[in-house]
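From first to last, the protein sequence lines are chains A and B. Following numbering that gives the first Met the number 0, the numbering of the first sequence begins with 0 at its first residue and continues without gaps. Following numbering that gives the first Met the number 0, the numbering of the second sequence begins with 0 at its first residue and continues without gaps.
None of these hints come from the bench; they were simulated from the model.
In silico DSBU-like pairs for lysine-lysine, Cα to Cα no more than 30 Å straight-line: (1) A:K243 / B:K130; (2) A:K93 / B:K69; (3) A:K93 / A:K18; (4) A:K117 / B:K101; (5) B:K126 / A:K242; (6) A:K107 / A:K18; (7) A:K194 / B:K126; (8) A:K107 / B:K130; (9) A:K157 / A:K136; (10) A:K117 / B:K69; (11) B:K166 / A:K194; (12) A:K243 / B:K126; (13) A:K93 / B:K45; (14) B:K130 / A:K93.
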Amino acid sequence: MISKRIIPCLDIRDGRVVKGVKFENIQDMADPVEMARYYNESGADELVFYDITASHEGRKLFTDVLRAVASEIFIPLTVGGGINTLEDFDMVLKCGADKVSVNSGAIKNPSLICEAAKRYGSQCVVLSMDVKRVNGKFRVFANGGRIDTGIDAIEWAKQGEALGAGEIVLNSIDTDGVREGFDLPMLRAIGEVVKIPLIASGGAGKMEDFRELFNYDRIDAGLAAGVFHTKKIDIGELKLYLKKCGVNVRV
Amino acid sequence: MLKRNSRLPRQGDVCMIAVVDYGVGNLFSLVSSLRHLGLECRVTSKKEDLYEADRIILPGVGAFGDAMAKLKETGLADIITELADEKPLLGICLGMQLLFDKSYEFGEHNGLGLIPGLVMPLADDIKPGLKIPHMGWNRLEIVRDDPIFKYFSNGEWVYYVHSYYAKYCPESTLAVSEYDVMVTGLVRSAKVYGAQFHPEKSGNAGLRLLKAFAEI
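One chain only, chain B, in its complex shape (with noise of 0.2 Å):
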């Protein structure tokens, strides 16, 4: 069956990325990006410009609830998620935790529920004096090789500024980062990804990531 809105690009074809603008964090950064590789992008909160998107990627900079208030309210939870289904989707720092079931920060929130997985305190897990956030460049290493690693080699570094981070997500877990403990650092299931670190801010590494996701 298809759908009018699962058009996918074909060759020739310009691929348009739609960035959800939800009023969460500062997309400067992530659009100088996608503009920066030639990719065609809108920062949007409009659902017909989702439906019209090719990819979507889903950022987000702050705490878990407010968030998911924002994306329920603005009705974007529910076309995300059924968008998740047919078209690739990157979620970014909050918005890669976002994806999973539920998050413990400043109590316990259901997230969006596409991969199965818990977000939890960063804090609770690693020895004391390991600082909070976990921010800086640290080491990706890939656990499972996939598409999104075309242009990426193992161990190259990307920047991370988080406090939480996704555990009981081992079927999702395409790479992690050594903080004492293995940070879940980038996820997949099904076309939907996740990415707790910043691609935008993370050099030629990070862009190449996102060059491959918009090939994807």
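If we strip away everything but chain A, and leave its shape as in the complex, we get (with noise of 0.2 Å):
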């Protein structure tokens, strides 16, 4: 059977690895090309790229960082940030993409899941949503985090996998870098109306937050920076801890 996954996501901000705190704070972290080595040995399933710069030349920057760590890993990478067209698709999976992640370029044009997922298909297509509490309800928020876009997340989820998105993965604004466990709650609300992948991301502290987090059987994949990029987590003890556990996972 198919494994669950354990995915480090590397934020990239002017060819960097940067992470912040409840999207704020971002600070310096690593080399991308030498962090993505690292973790394609380390027994990670999957990596996840975003492109969080907003200038042009870093940008360009990106394409080519992205393009070295590619020819690098021989695992599936997803790429994400700034993807609004096709022609975006088009250009991270020439640079080695396997997957694309849309976001507030979904948001803007929700057409843009099925004109992707048509042309590449689903299992390409990868729903990220930011995703926060106000009001007691679960809203959608778009550029990084910062624009609430009055979007419910539970309706957004729906949607994008009725317009072909292949898999989810939830963004919960509200643990972020807290590193006090997953949002659950959160998860839950959204596991129960889709049944497309559902990868949880934003507030894994400790190797427990994993075990916690997979005894919800809706949960394919969990996703962490900060505890895997200062090794705080190791990954490969992360796996062996998971498959003692009686997690299914590839180690």
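From the two separate chains plus the hints, produce the assembled complex.
Below, the structure is given as structure tokens:
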């Protein structure tokens, strides 16, 4: 049977890996190629690359870095950040991405999801959602968590699936970088309304958080950044621990 | 009889792998993997290159009918069929499915017919609730030993993305993965190999399979 996945996420700004807390206080962490190589060796099941650069020059730097990374890792690679058009899909796929993650671009233009799914197949299209509680409701935020779109997260997840997204990455802004566990109530709210694979993101602090996450059988993968980058959690150790807990992981 | 093109790699000789480019799928990772292993490879649609090569890899992503049509239009189907007797050939993912007699993906399409068997929808055979495509890491269980497993241990994990699978091919099946049914993972008939999974995306285990293929 298919294993549960552990996915390190590299936020890239101006060609460097960076990390923030609750989407703020962005700090420089490492060289992306070095870090990707480390993850390829340490047992990561997949890598996610997010371009959080705003500038045009940064974008070019990003595709250079992407190509360098893609040629050295031999596990699936998902790329996101600034994906607004089919041309953007084309560009990152040609640079070695296996899947493309859409976020703000799909909020602005939901048909991007179905056009991309038609051209590249659903398995290639990942809907990434940045979600935060507003007045007790789960609300979708755009532009790296800066803009409240007013869209209900549950409705957006359903629509994304109907349009042909192959999986959903749910980033909880409320737990991002806090390291006190994944946002299980939010994950359950989304997990109950869609059938496509669901990837949890935001809040991983210790190995037990992943065990608790995979207790919910709708979860296919756990994604984290800071705890893996700083080696607070070693992916090899994490997977051995999860295996001992009865989770089906690749070790 | 020694033909000009049936050149086999000798010790110290550089083995050249032709990666067939017929406009289907992304070859970036496959080429990166081969280069990482220090293997010489050429992405090509020229028949001279296929004659010249020591080994051929047939990749592929997308729909069976379209891919087969492209192979026929370009004349590559005939050349691959001709060379399959002479040098090791490896089909990957859709490239593996194309090796069989026939596929039932969106209609009925003849394949290259190099390995007996049919390509059928996985959805018809697995329990409802299991996701299609069969996508992710799964264990590869060896059912018959082969030189391709020289650097591979039984039960190692490989990466799949597919919705159709090869059936009725017990004679050629080397390894399978369980996804409610036993999914045909790796096949061989004489010099023709096929991998349903993506060795170029299967971490070190996948690289070791490619290495063994280059040494066969």
